[in-house]
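Q: One line per chain: the protein sequences are A and B, in this order. Counting in the working numbering, the first sequence runs from 1 upward without gaps. Counting in the working numbering, the second sequence runs from 302 upward without gaps.
It should be emphasised that the hints constitute simulated quantities derived from the structure, not laboratory data. The structure presented is a predicted model; accordingly, all values stated were derived computationally and were not measured. Keep in mind that the hints are not guaranteed to be accurate.
[Unchecked claim] Negatives, chain B to chain A, calculated, CB over 12 angstroms:
(1) S303
(2) R324
(3) L395
(4) I436
(5) M494
(6) D513
(7) V527
(8) R558
(9) S593
(10) D599
[What the hints assert, rightly or not] Here are the simulated DSS-like pairs of lysine-lysine, each with C-alpha atoms no more than 30 angstroms apart in a straight line:
(11) B/K493 / A/K291
(12) A/K162 / A/K192
(13) A/K196 / B/K463
(14) A/K192 / B/K592
(15) B/K497 / A/K291
(16) B/K592 / A/K291
(17) B/K373 / B/K460
(18) B/K592 / B/K577
(19) A/K71 / A/K276
(20) A/K159 / A/K71
(21) A/K192 / A/K71
(22) A/K196 / A/K276
(23) A/K72 / A/K192
(24) B/K493 / B/K460
(25) B/K463 / B/K493
[Claimed, not checked] Away from chain A, derived, C-beta distances all over 10 angstroms, residues of chain B:
(26) M302
(27) Y357
(28) R364
(29) S403
(30) D425
(31) D448
(32) E456
(33) P530
(34) S548
(35) D573
(36) T602
Even glycine gets a Cβ: it sits at the ideal position worked out from N, Cα and C.
Here is how the chains run, residue by residue.
Number of protein chains: 2
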Amino acid sequence: MSILVVGTVAFDSIETPFGSAERILGGSASYFALAASFFTRVRIVGVIGQDFPQEYLDLFSQRPIDLEGVKKEPGETFHWRGKYHEDINVRDTLELHLNVLSGFVPQLPELYRDAEYVFLGNIDPLMQLEVLNQIRRMRLVVCDTMDHWIRESLEDLRKVLKRIEILVINDSEARLLSGYNNIVRAARAILKMGPKVVLVKRGEYGVLQFSDSTIFATPAYPLEEVFDPTGAGDSFAGGFLGQLARSSDQSQQGIRRAIVYGSVVASFTVEDFGVKRLAGVSLAEIEERYKSFAQLTDFQT
Amino acid sequence: MSILVVGTVAFDSIETPFGSAERILGGSASYFALAASFFTRVRIVGVIGQDFPQEYLDLFSQRPIDLEGVKKEPGETFHWRGKYHEDINVRDTLELHLNVLSGFVPQLPELYRDAEYVFLGNIDPLMQLEVLNQIRRMRLVVCDTMDHWIRESLEDLRKVLKRIEILVINDSEARLLSGYNNIVRAARAILKMGPKVVLVKRGEYGVLQFSDSTIFATPAYPLEEVFDPTGAGDSFAGGFLGQLARSSDQSQQGIRRAIVYGSVVASFTVEDFGVKRLAGVSLAEIEERYKSFAQLTDFQT
Numbered sequence: 001m002s003i004l005v006v007g008t009v010a011f012d013s014i015e016t017p018f019g020s021a022e023r024i025l026g027g028s029a030s031y032f033a034l035a036a037s038f039f040t041r042v043r044i045v046g047v048i049g050q051d052f053p054q055e056y057l058d059l060f061s062q063r064p065i066d067l068e069g070v071k072k073e074p075g076e077t078f079h080w081r082g083k084y085h086e087d088i089n090v091r092d093t094l095e096l097h098l099n100v101l102s103g104f105v106p107q108l109p110e111l112y113r114d115a116e117y118v119f120l121g122n123i124d125p126l127m128q129l130e131v132l133n134q135i136r137r138m139r140l141v142v143c144d145t146m147d148h149w150i151r152e153s154l155e156d157l158r159k160v161l162k163r164i165e166i167l168v169i170n171d172s173e174a175r176l177l178s179g180y181n182n183i184v185r186a187a188r189a190i191l192k193m194g195p196k197v198v199l200v201k202r203g204e205y206g207v208l209q210f211s212d213s214t215i216f217a218t219p220a221y222p223l224e225e226v227f228d229p230t231g232a233g234d235s236f237a238g239g240f241l242g243q244l245a246r247s248s249d250q251s252q253q254g255i256r257r258a259i260v261y262g263s264v265v266a267s268f269t270v271e272d273f274g275v276k277r278l279a280g281v282s283l284a285e286i287e288e289r290y291k292s293f294a295q296l297t298d299f300q301t
Numbered sequence: 302m303s304i305l306v307v308g309t310v311a312f313d314s315i316e317t318p319f320g321s322a323e324r325i326l327g328g329s330a331s332y333f334a335l336a337a338s339f340f341t342r343v344r345i346v347g348v349i350g351q352d353f354p355q356e357y358l359d360l361f362s363q364r365p366i367d368l369e370g371v372k373k374e375p376g377e378t379f380h381w382r383g384k385y386h387e388d389i390n391v392r393d394t395l396e397l398h399l400n401v402l403s404g405f406v407p408q409l410p411e412l413y414r415d416a417e418y419v420f421l422g423n424i425d426p427l428m429q430l431e432v433l434n435q436i437r438r439m440r441l442v443v444c445d446t447m448d449h450w451i452r453e454s455l456e457d458l459r460k461v462l463k464r465i466e467i468l469v470i471n472d473s474e475a476r477l478l479s480g481y482n483n484i485v486r487a488a489r490a491i492l493k494m495g496p497k498v499v500l501v502k503r504g505e506y507g508v509l510q511f512s513d514s515t516i517f518a519t520p521a522y523p524l525e526e527v528f529d530p531t532g533a534g535d536s537f538a539g540g541f542l543g544q545l546a547r548s549s550d551q552s553q554q555g556i557r558r559a560i561v562y563g564s565v566v567a568s569f570t571v572e573d574f575g576v577k578r579l580a581g582v583s584l585a586e587i588e589e590r591y592k593s594f595a596q597l598t599d600f601q602t
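Just need the whole structure built from these sequences, with the hints factored in.
A: Laid out in structure tokens, this is it:
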């Protein structure tokens with residue numbers, strides 16, 4: 001059971017209170033694919049420039065990650081530069097160079113068009129729609145977005161929302177998209193826009209899951225060291241959808257367990273710069289932390 | 302098994318985006334006592350002015366709440382006026398009149414001096430120490446404080462911390478007291494100051510519990526309507542210590558369950574202005590919401 005992901009493959013230049021890193025591997029598709037690859041095969045659709053180093057491609061190829069859908073175009077790779085504050089939950093975007101991403105039209109390789117699980121990473125909703133149009137059959141589509149698209153491309157985003165099962169969104173974006181401050185109301189309003197399930201990411205405070213009939217609330221794994229929050233949301237989505245694909249269990253409890261797996265994978269990502277910790281962790285460590293997550297939230301036994 | 306609480310009995314004047322209320326019953330001891338009285342007998346130590354209405358006293362007397370330790374002094378009752386923002390998690394204090402509270406020295410009635418459970422509400426650490434000095438024997442002391450005392454009375458507060466078992470504190474205060482931004486580090490540093498257990502309140506994001514050997518993380522009960530957050534923290538403490546006293550179970554799991562009871566009681570408090578909802582709820586409703594809380598956080602069954 002493989003997952004198709006469309007999103008950015010990028011260079012990130014990051015400054016946090018604990019140090020900085022230049023032009024390291026980043027992008028929503030990169031974090032998602034690495035995170036999901038612990039659980040199942042992943043196929044990336046994206047674009048890179050001529051400057052994209054082979055060693056980053058090798059990092060994917062060493063895992064069950066297919067790169068046939070990653071186009072290399074003339075020009076430079078998408079590059080984001082950001083700085084985190086003393087309060088690590090706050091960040092500023094200092095530079096954003098779309099480069100080869102501007103004008104990119106996703107083209108799915110023939111093999112990719114029978115995708116059972118799909119993750120539409122945080123890119124232009126038009127590109128997300130383009131991917132959906134090229135897929136012949138799909139079982140479950142999970143989608144991410146951000147404030148920029150809610151503000152600038154709401155009409156296209158609404159079309160996407162009608163065609164997906166699960167929306168992953170952070171709390172401030174949920175407020176912006178719905179117009180409600182209260183997060184329960186915000187999520188209920190978003191459910192009316194199309195998705196069957198809304199997952200509200202709250203960073204260090206955990207995740208809320210909403211469907212028509214249920215709510216699930218879970219804290220995040222408490223960490224003594226958060227080095228770099230970049231990619232936490234996409235790692236969450238990757239662990240989440242990876243576990244769903246691995247288990248083929250889309251029951252309410254199956255979705256809940258997948259949310260916890262997503263939180264666990266994200267908790268590793270933020271322990272070091274970029275993908276460093278995520279790429280170095282083992283499935284055994286993930287399973288171990290899943291167990292300790294279960295212990296640290298249990299009050300019923 | 303009764304609980305002794307020292308704290309404020311006050312008038313609150315509150316404005317929220319949903320309405321306003323003038324000189325309604327407020328204060329840390331009031332919320333705590335009402336919340337804990339669902340579970341066990343409560344004895345209040347505090348001070349009120351000549352203007353304090355009989356109906357508010359009756360509200361306490363109708364429950365297992367003893368008022369022998371509430372002194373009526375010449376002058377006016379402590380009065381707080383606050384305004385909540387559109388984002389209900391943010392509030393400004395507009396007025397603060399200590400009135401009879403200034404210069405108040407707690408005097409425990411003889412009967413109160415054998416207190417097994419003690420809650421030191423958010424008042425001057427000197428008053429908290431005075432209460433501890435008058436108690437002959439105690440089994441468990443829980444303490445609350447606030448940024449004002451951390452800034453202005455740190456030396457006295459440190460003396461208090463050495464003599465208590467459990468500190469209840471919100472996340473920004475934990476950062477201020479410890480000097481650490483990361484909340485896990487902050488809590489570990491506070492554990493070194495004396496308490497065996499630190500409960501970090503994070504408002505709508507739930508509670509973290511730290512001891513030397515364990516962490517417990519729980520979300521808050523998700524609410525579609527938060528009318529007035531005033532008293533949520535003291536209601537949490539009341540439900541928490543009330544359940545601990547009712548169950549006599551101070552095991553790790555017993556403490557965890559008490560934290561969930563505290564969260565449940567607080568979730569009722571914020572559903573209406575002041576103590577209105579808290580005073581009107583039934584133990585059956587609390588038990589019912591405890592069960593649905595267990596369901597909405599469970600991913601293991």
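Q: If a hint holds in the structure, say so; if it doesn't, say that too.
A: Against the structure, the hints:
Listed as outside the interface, B/S303 is consistent with that label: its C-beta sits roughly 25 angstroms from the nearest C-beta of chain A, beyond the 12 angstroms cut-off. Remark: the non-interface label on B/R324 is consistent with the geometry, its nearest Cβ contact in chain A lying 28 angstroms away (cut-off 12 angstroms). Chain A leaves B/L395 outside its interface by the beta-carbon criterion, the shortest separation being 21 angstroms against a cut-off of 12 angstroms. No beta-carbon of chain A comes within 12 angstroms of the beta-carbon of B/I436; the shortest separation is about 30 angstroms.
The Cβ of B/M494 sits about 18 angstroms from the closest Cβ of chain A, beyond the 12 angstroms cut-off, so the non-interface label holds. Interface exclusion of B/D513 from chain A stands, the closest Cβ pair being 14 angstroms apart, more than 12 angstroms. For B/V527, the condition that its CB be more than 12 angstroms from all CB atoms of chain A is violated, with the nearest at approximately 7 angstroms. The Cβ of B/R558 sits about 5 angstroms from the closest Cβ of chain A, inside the 12 angstroms cut-off, so the non-interface label is violated.
Not every beta carbon of chain A lies more than 12 angstroms from that of B/S593, the smallest distance being close to 9 angstroms; the non-interface claim is violated. The beta carbon of B/D599 sits about 7 angstroms from the closest Cβ of chain A, which is not more than 12 angstroms, so the claim that it is off the interface is violated. A C-alpha spacing of about 28 angstroms is found between B/K493 and A/K291, which places the hinted pair at or below 30 angstroms, so the restraint holds. Note on A/K162 and A/K192: the hinted pairing holds, with a Cα-Cα distance of about 9 angstroms set against a maximum of 30 angstroms.
The suggested pairing of A/K196 with B/K463 is violated, with an alpha-carbon distance near 51 angstroms, which exceeds 30 angstroms. Pair hint A/K192 plus B/K592 holds up; C-alpha atoms about 28 angstroms apart against a cutoff of 30 angstroms. Proximity of B/K497 to A/K291 is assessed by CA-CA distance (about 25 angstroms); at most 30 angstroms being required, the pair is judged to hold. Using a Cα cut-off of 30 angstroms, the hinted pair B/K592 and A/K291 holds, with the two alpha carbons roughly 23 angstroms apart.
Of the pairs offered as hints, the one joining B/K373 and B/K460 holds, with about 29 angstroms between alpha carbons and a cut-off of 30 angstroms not exceeded. Restraint check for B/K592 and B/K577: the C-alpha separation of about 23 angstroms stays at or below 30 angstroms, so the hint holds. The straight-line distance between the Cα atoms of A/K71 and A/K276 is roughly 24 angstroms, inside the 30 angstroms bound, and the hint therefore holds. Restraint check for A/K159 and A/K71: the C-alpha separation of about 26 angstroms stays at or below 30 angstroms, so the hint holds.
Between the alpha carbons of A/K192 and A/K71 the distance comes to roughly 36 angstroms, so the proposed pair goes past 30 angstroms and is violated. Distance hint between A/K196 and A/K276 is unfulfilled; the C-alpha atoms sit about 34 angstroms from each other, more than 30 angstroms. Proximity of A/K72 to A/K192 is assessed by CA-CA distance (about 39 angstroms); at most 30 angstroms being required, the pair is judged violated. As the CA atoms of B/K493 and B/K460 are separated by approximately 13 angstroms, the hinted pair is consistent with the 30 angstroms bound.
Restraint check: the Cα-Cα separation between B/K463 and B/K493 comes to about 9 angstroms, which is no more than 30 angstroms; the hinted pair holds. The claim that B/M302 lies off the interface holds: its Cβ sits roughly 21 angstroms from the closest Cβ of chain A, which is beyond the 10 angstroms cut-off. Non-interface call for B/Y357 relative to chain A: holds, since the shortest CB-CB distance, roughly 30 angstroms, exceeds 10 angstroms. With a least beta-carbon separation of about 27 angstroms from chain A, B/R364 lies farther than 10 angstroms from that chain, consistent with its non-interface assignment.
The claim that B/S403 is not at the interface with chain A holds, since no C-beta of that chain comes within 10 angstroms of its own (minimum 35 angstroms). Annotated as non-interface, B/D425 keeps its C-beta farther than 10 angstroms from every C-beta of chain A; the closest such distance is 30 angstroms. No beta-carbon of chain A comes within 10 angstroms of the beta-carbon of B/D448; the shortest separation is about 16 angstroms. With a least CB separation of 27 angstroms from chain A, B/E456 remains clear of the 10 angstroms interface cut-off, as annotated.
The Cβ of B/P530 lies farther than 10 angstroms from every Cβ of chain A, with a closest approach of about 12 angstroms, so its non-interface assignment holds. No Cβ of chain A comes within 10 angstroms of the Cβ of B/S548; the nearest lies about 13 angstroms off, and the non-interface call holds. Non-interface call for B/D573 relative to chain A: holds, since the shortest CB-CB distance, roughly 15 angstroms, exceeds 10 angstroms. The beta carbon of B/T602 sits about 7 angstroms from the closest Cβ of chain A, which is not more than 10 angstroms, so the claim that it is off the interface is violated.
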